[in-house]
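Same order as they appear, the protein sequences are chains A and B.
Final position of the first sequence in the working numbering is 285; the numbers increase by one with none missing.
Final position of the second sequence in the working numbering is 254; the numbers increase by one with none missing.
Hints were generated in silico from the structure; no laboratory data involved.
It cannot be assumed that every hint is accurate.
Listed next, with one range per pair, are the computed distances between beta-carbon atoms [what the hints assert, rightly or not]: (1) B/Ile34 x A/Asp216: 57 to 65 Å; (2) B/Gly149 x A/Gly88: 43 to 51 Å; (3) B/Pro84 x A/Ala32: 47 to 55 Å.
Distance condition first, Cα-Cα at most 30 Å in a straight line; then the derived DSSO-like pairs of lysine-lysine [said to hold, decoys possible]: (4) A/Lys162 x B/Lys126; (5) A/Lys92 x A/Lys104; (6) A/Lys156 x A/Lys117; (7) B/Lys65 x B/Lys88; (8) B/Lys126 x A/Lys177; (9) A/Lys92 x A/Lys162; (10) A/Lys117 x A/Lys92; (11) A/Lys162 x A/Lys189; (12) A/Lys126 x A/Lys92; (13) B/Lys126 x A/Lys156; (14) A/Lys138 x A/Lys92; (15) A/Lys162 x B/Lys252.
From the three backbone atoms N, C-alpha and C, an ideal C-beta is built for every residue, glycine too.
Given next are the chains, with one letter for each unit.
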Amino acid sequence: MKKILFHILFLAALLPLPFACDPVPDTDPHFAEPAFVSYAGSLSVENFKQSVSVQTKAPVSASSSIVSIELTESGMYVIGWLAEGESGVSYKTGTYTASGNEYKLAGYGTVLFDNSKTGIVSLTLKPDGGTAQVVMAKFDKPSGSNTVYRTWNVEKTRVTAKGWVTVSADFNGCNLKEIADFLRANSHKAPADVQNRSVETITLTGTERMILGYSDGSADLNEFSLNGNVLTYTFNDGLKSFTFETDRAVIEYENGKCLLSIEGRIRNSTTSGAVSFVLSPAMEK
Amino acid sequence: MANRLFLLIAVLLTMAPARAQHMALGVGAGTDGISVEMALPLGSHVQLRAGYGIATGLLGYTYKKGISVPVHPGDPSGQSVSAPLSVKLGMNEGRLLFNIHPGKSGFHFTAGAHFGSPRLLRGILKGLPADYNTAGINVDGYLVKATDGVLEADIYAPGFGPKTFSIRPYAGMGYGRAIGDGRVGFSVDLGAQYIGKMSFWARGESLTGRTRQVELPGELLENLVPAYSNISEKYLRKFVVWPTLTAHIFVKLF
Numbered sequence: 001m002k003k004i005l006f007h008i009l010f011l012a013a014l015l016p017l018p019f020a021c022d023p024v025p026d027t028d029p030h031f032a033e034p035a036f037v038s039y040a041g042s043l044s045v046e047n048f049k050q051s052v053s054v055q056t057k058a059p060v061s062a063s064s065s066i067v068s069i070e071l072t073e074s075g076m077y078v079i080g081w082l083a084e085g086e087s088g089v090s091y092k093t094g095t096y097t098a099s100g101n102e103y104k105l106a107g108y109g110t111v112l113f114d115n116s117k118t119g120i121v122s123l124t125l126k127p128d129g130g131t132a133q134v135v136m137a138k139f140d141k142p143s144g145s146n147t148v149y150r151t152w153n154v155e156k157t158r159v160t161a162k163g164w165v166t167v168s169a170d171f172n173g174c175n176l177k178e179i180a181d182f183l184r185a186n187s188h189k190a191p192a193d194v195q196n197r198s199v200e201t202i203t204l205t206g207t208e209r210m211i212l213g214y215s216d217g218s219a220d221l222n223e224f225s226l227n228g229n230v231l232t233y234t235f236n237d238g239l240k241s242f243t244f245e246t247d248r249a250v251i252e253y254e255n256g257k258c259l260l261s262i263e264g265r266i267r268n269s270t271t272s273g274a275v276s277f278v279l280s281p282a283m284e285k
Numbered sequence: 001m002a003n004r005l006f007l008l009i010a011v012l013l014t015m016a017p018a019r020a021q022h023m024a025l026g027v028g029a030g031t032d033g034i035s036v037e038m039a040l041p042l043g044s045h046v047q048l049r050a051g052y053g054i055a056t057g058l059l060g061y062t063y064k065k066g067i068s069v070p071v072h073p074g075d076p077s078g079q080s081v082s083a084p085l086s087v088k089l090g091m092n093e094g095r096l097l098f099n100i101h102p103g104k105s106g107f108h109f110t111a112g113a114h115f116g117s118p119r120l121l122r123g124i125l126k127g128l129p130a131d132y133n134t135a136g137i138n139v140d141g142y143l144v145k146a147t148d149g150v151l152e153a154d155i156y157a158p159g160f161g162p163k164t165f166s167i168r169p170y171a172g173m174g175y176g177r178a179i180g181d182g183r184v185g186f187s188v189d190l191g192a193q194y195i196g197k198m199s200f201w202a203r204g205e206s207l208t209g210r211t212r213q214v215e216l217p218g219e220l221l222e223n224l225v226p227a228y229s230n231i232s233e234k235y236l237r238k239f240v241v242w243p244t245l246t247a248h249i250f251v252k253l254f
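Full structure from sequences and hints, please.
In structure tokens, the structure reads:
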């Protein structure tokens with residue numbers, strides 16, 4: 001009996017020793033397939049400047065010409081339009097539902113085309129409150145499938161600015177003004193005309209489009225190519241002053257999140273740094 | 001590593017008491033915190049003590065005048081504010097000690113080791129500007145920053161152990177017996193632990209919210225704290241032993 005008590009007491013004396021172990025992060029992407037994979041694709045309106053003038057209540061004005069429609073795997077649409085007298089294409093986002101060849105774009109109307117094939121298709125545009133028009137468009141289907149091809153919510157942004165002291169900061173979401181203010185306060189350059197809006201979503205599509213969705217409902221459309229976990233992108237938008245001289249981003253997965261990281265020298269600045277987005281799937285089934 | 005060492009010690013300890021006829025339970029206090037120990041005789045000249053001590057949060061000093069920190073962490077040359085600094089003991093460790101009695105008196109030599117958490121001291125910086133809740137330093141993907149204006153950092157001293165598990169050899173002398181003739185025994189000990197090279201550590205957070213202790217590189221601290229080089233040269237590199245003065249009271253269980 002004494003012996004048993006000895007053993008118990010001695011082991012008990014040592015029990016408080018630390019046993020902490022770092023849990024190994026789960027780097028496998030386990031995400032449900034987006035709901036609209038079979039309906040996704042890109043529509044580019046042919047000769048839009050001459051042939052297309054779309055009447056609609058919103059989001060495109062009556063005098064605007066639709067240039068393109070992106071239909072993403074996650075059920076998001078992006079209409080690109082060219083307003084009369086303007087040279088730049090504007091983008092507006094929303095959600096869509098689809099049945100057969102018919103797509104209902106919330107906030108726009110209905111589009112109808114043969115989505116069973118790629119190439120030139122006859123595209124019927126029927127805006128809410130407007131007159132239906134038929135135009136010719138080029139339809140591209142996703143070239144393949146990949147976990148990253150979906151709409152992602154931006155949960156968190158980590159910004160690292162290298163200087164005399166290298167400082168990193170975590171931001172909930174991605175408010176561009178908040179980040180610019182932080183950079184300026186910490187002796188780094190930041191564009192003066194950054195709007196007080198957030199990047200709410202980042203969408204990567206199988207047709208190699210990268211769509212940044214903003215809190216004010218606007219969007220920027222860019223292109224990318226994917227090689228392994230390295231994404232090479234081009235920016236064609238007003239964010240140029242916030243981009244990096246490198247055009248490469250690295251994609252990783254950890255504990256149910258997608259991490260999109262860009263590192264390098266900030267364009268038009270002597271400052272080097274990095275930006276990492278923590279993304280979670282949006283608009284899942 | 002830590003788990004393997006623990007298992008080895010546990011196995012050895014479960015074998016050792018099998019032949020013992022007496023056992024005592026003790027509590028103590030000293031420069032290594034407060035402790036609970038079990039003691040048993042190994043022959044007539046050696047007594048084994050095994051236990052656990054904790055000093056986290058005990059004994060400390062607050063430098064109320066504070067140290068100067070920039071309002072924005074990335075702008076050291078800009079406006080500064082003063083942030084009060086508190087330094088407290090941080091030990092939290094097991095111990096395995098052998099009291100060697102050369103004669104029949106209570107005088108003894110002690111040899112053994114403390115092992116467990118490598119934390120020796122804990123520093124707490126309060127009242128940091130709001131930027132420090134958002135921004136900090138990035139160590140291997142882990143962001144070290146303040147929470148509600150409070151930033152905590154630890155000084156690790158692992159002795160002969162790896163960076164995250166301390167094995168600090170102890171040698172000293174004392175008077176008293178853990179297990180004597182009477183029911184109650186007293187013991188006073190004076191010695192030193194070899195604590196090895198000290199380093200700064202703090203809790204960092206990964207992008208996905210995982211947290212872990214990360215070592216703050218010396219060159220980084222030199223940039224952040226102008227006086228760091230001086231402190232490092234004067235104290236951290238030369239101060240390799242921890243003076244240990246303790247008093248214990250033991251009650252013989254049987």
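Inset, instruction - Return the numbers of the hints above that this structure violates; sort them in rising order. - result: Per hint list: 6, 9 and 15 violated.
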